[in-house]
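Those sequence lines, one after another, are chains A and B. Sequential numbering of the first sequence, starting at 1, is according to the working numbering. Sequential numbering of the second sequence, starting at 1, is according to the working numbering.
It is possible that some hints are incorrect.
Remember, identical chains collapse to one label, so a pair may be satisfied in a single copy or spanning two.
Claimed, not checked - Taking lysine-lysine pairs in the DSBU-like style, the calculated list, with each CA pair at most 35 Å apart, reads:
(1) Lys268 x Lys77
(2) Lys2 x Lys268
(3) Lys2 x Lys77
(4) Lys18 x Lys268
(5) Lys280 x Lys190
Think of the hints as simulated: they come from the structure by calculation, not from any bench.
2 protein chains.
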Amino acid sequence: MKFDIPFSDRLASSIDRKESRLVVGIDPRLDRLPAELASLDPEEALTRLGCGVIEAVAAEAAAIKPQIAFFERWGWKGWRALEAVCKSASEQELLVILDAKRGDIGSTAAAYAEALLGEEAGPPGPFVDALTINPYLGSDSLEPFIQRTNEGGRGLFVLARTSNPGGAEFQSRPGDPEPVFLQVARASEKWGQGSMGDCGFHGVGLVVGATHPEEISRVRECAPSANLLIPGVGAQGGSVEDLGPAFDARGLGAVVNSSRGVVQAFEKNTELPWQEAVQKAARETRLQLESALTA
Amino acid sequence: MKFDIPFSDRLASSIDRKESRLVVGIDPRLDRLPAELASLDPEEALTRLGCGVIEAVAAEAAAIKPQIAFFERWGWKGWRALEAVCKSASEQELLVILDAKRGDIGSTAAAYAEALLGEEAGPPGPFVDALTINPYLGSDSLEPFIQRTNEGGRGLFVLARTSNPGGAEFQSRPGDPEPVFLQVARASEKWGQGSMGDCGFHGVGLVVGATHPEEISRVRECAPSANLLIPGVGAQGGSVEDLGPAFDARGLGAVVNSSRGVVQAFEKNTELPWQEAVQKAARETRLQLESALTA
Chain A
1 MKFDIPFSDR LASSIDRKES RLVVGIDPRL DRLPAELASL DPEEALTRLG
51 CGVIEAVAAE AAAIKPQIAF FERWGWKGWR ALEAVCKSAS EQELLVILDA
101 KRGDIGSTAA AYAEALLGEE AGPPGPFVDA LTINPYLGSD SLEPFIQRTN
151 EGGRGLFVLA RTSNPGGAEF QSRPGDPEPV FLQVARASEK WGQGSMGDCG
201 FHGVGLVVGA THPEEISRVR ECAPSANLLI PGVGAQGGSV EDLGPAFDAR
251 GLGAVVNSSR GVVQAFEKNT ELPWQEAVQK AARETRLQLE SALTA
Chain B
1 MKFDIPFSDR LASSIDRKES RLVVGIDPRL DRLPAELASL DPEEALTRLG
51 CGVIEAVAAE AAAIKPQIAF FERWGWKGWR ALEAVCKSAS EQELLVILDA
101 KRGDIGSTAA AYAEALLGEE AGPPGPFVDA LTINPYLGSD SLEPFIQRTN
151 EGGRGLFVLA RTSNPGGAEF QSRPGDPEPV FLQVARASEK WGQGSMGDCG
201 FHGVGLVVGA THPEEISRVR ECAPSANLLI PGVGAQGGSV EDLGPAFDAR
251 GLGAVVNSSR GVVQAFEKNT ELPWQEAVQK AARETRLQLE SALTA
């Protein structure tokens with residue numbers, strides 16, 4: 001049973017085995033589909049695109065990160081496609097980081113945890129290795145999710161410092177004795193106490209945008225045992241050369257997300273079949289990360 | 001077309017017409033169903049419970065607030081039930097505040113806005129009057145939602161100060177020059193500039209827990225034109241007697257949520273058919289709010 005192994009160890013093993021720090025974000029937009037999928041109904045298109053990307057990147061990516069909003073956009077049919085996509089990744093032994101950024105309190109947080117990290121199919125829970133969550137409502141709101149890291153072998157990535165231009169507005173305010181995102185980072189070490197893996201990292205990671213490399217270092221100081229999920233490379237302007245402080249001497253401790261740069265590669269590279277174009281972009285991005293790491 | 005009228009005016013009109021500041025939260029738990037629904041499959045049970053509550057409270061509640069997590073809990077079938085429940089409320093001219101607390105950036109935020117405040121059925125968007133959202137990612141992350149208040153007649157309630165014990169951890173930190181929740185409250189006046197209604201309130205309201213009455217006053221000072229959505233009365237310990245500062249002289253400016261206290265009323269009041277027990281609890285809660293307001 002794969003969830004018998006802590007998430008952080010499954011992630012470290014995937015990184016080592018594939019020599020990859022790449023997470024491929026799956027944000028399917030039905031107005032930007034490969035030509036051969038363009039005439040399908042939404043559910044079929046989402047499923048075929050998602051499963052096709054998974055097949056293409058399985059050997060190149062440490063994990064995939066489906067963005068739930070692009071499935072919700074199509075209502076219950078989108079949710080059915082999401083379950084099929086997560087199941088497909090799970091069958092190919094590709095880790096699934098579900099990007100849902102949920103946050104709520106009490107029994108509501110427990111219902112989200114059951115849906116997205118639970119054991120009952122229907123919702124994608126049984127096929128999800130890790131989930132992104134929002135800390136605004138405080139530690140007690142995260143408890144039902146943390147319980148799944150302590151007892152269920154699942155992982156979390158808590159939003160700390162996001163990659164968007166307005167991310168600093170509440171996360172890193174001028175004049176604060178300590179920015180909120182560093183308080184979140186420090187708290188993650190406490191939240192992760194019950195899910196430490198043999199690799200030296202625990203199950204409660206942090207999202208820190210690549211657009212703020214100096215803040216990655218500050219997060220790493222406050223949260224030495226948290227895995228970092230780093231979006232914002234490529235289209236958003238972050239550079240892989242700046243990500244060194246995220247990793248330890250073994251090259252563990254972080255994974256880097258690329259979404260459009262990989263999944264939409266068929267738009268630029270029209271000479272290859274779409275899945276081959278995606279595979280090629282994934283391999284190039286993976287190798288770019290590996291060489292930045294050794295430099 | 002109902003969305004031609006700004007949300008704040010639709011809310012004020014519903015409050016006046018029904019003499020009600022009550023929002024009934026629909027958090028359906030399938031382990032606590034009325035006996036006659038207990039043998040149904042999840043989708044049918046969610047739909048029958050939700051539509052039954054709507055029918056029972058339509059004359060007593062200013063709005064209903066379905067909590068999306070309790071539908072997501074059942075995956076795509078739960079989402080299909082959610083659409084049916086929101087549609088049913090819309091047909092009975094009962095305002096729908098969808099409690100989803102979504103928050104993300106760029107095209108992802110736009111996808112959530114399309115799903116939950118859009119015009120295409122499948123997702124519940126066409127039947128939703130207002131949505132709860134999370135501000136942690138900053139003003140730019142809220143833009144796609146705010147656009148729906150400015151151009152689409154929809155409403156928002158942004159999390160400011162939540163009702164849970166840990167709500168203060170990041171929202172109201174000791175030593176901060178200004179607590180984050182008051183910065184959110186001040187910002188709401190800017191976010192609402194493009195959606196002012198004839199009633200004097202705009203479309204970008206705030207969630208402030210009843211468990212912190214002194215903070216309701218502070219929020220009101222910072223955000224004089226924001227409607228407040230106040231959870232935390234009853235089971236969570238908040239008292240309706242403390243909510244005076246939320247309202248203006250006309251008794252407008254806030255609505256108060258009760259979930260379990262109304263919807264689970266059939267568990268305590270077993271002498272009535274379940275819908276009548278729910279209706280009775282809704283009426284009593286409504287009248288309790290009205291008398292606290294005039295006191």
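Verification of the supplied hints:
{"no.": "1", "hint": "Lys268 x Lys77", "result": "within (29 Å within a copy, 38 Å between copies)"}
{"no.": "2", "hint": "Lys2 x Lys268", "result": "neither (37 Å within a copy, 44 Å between copies)"}
{"no.": "3", "hint": "Lys2 x Lys77", "result": "both (28 Å within a copy, 27 Å between copies)"}
{"no.": "4", "hint": "Lys18 x Lys268", "result": "within (26 Å within a copy, 58 Å between copies)"}
{"no.": "5", "hint": "Lys280 x Lys190", "result": "neither (40 Å within a copy, 46 Å between copies)"}
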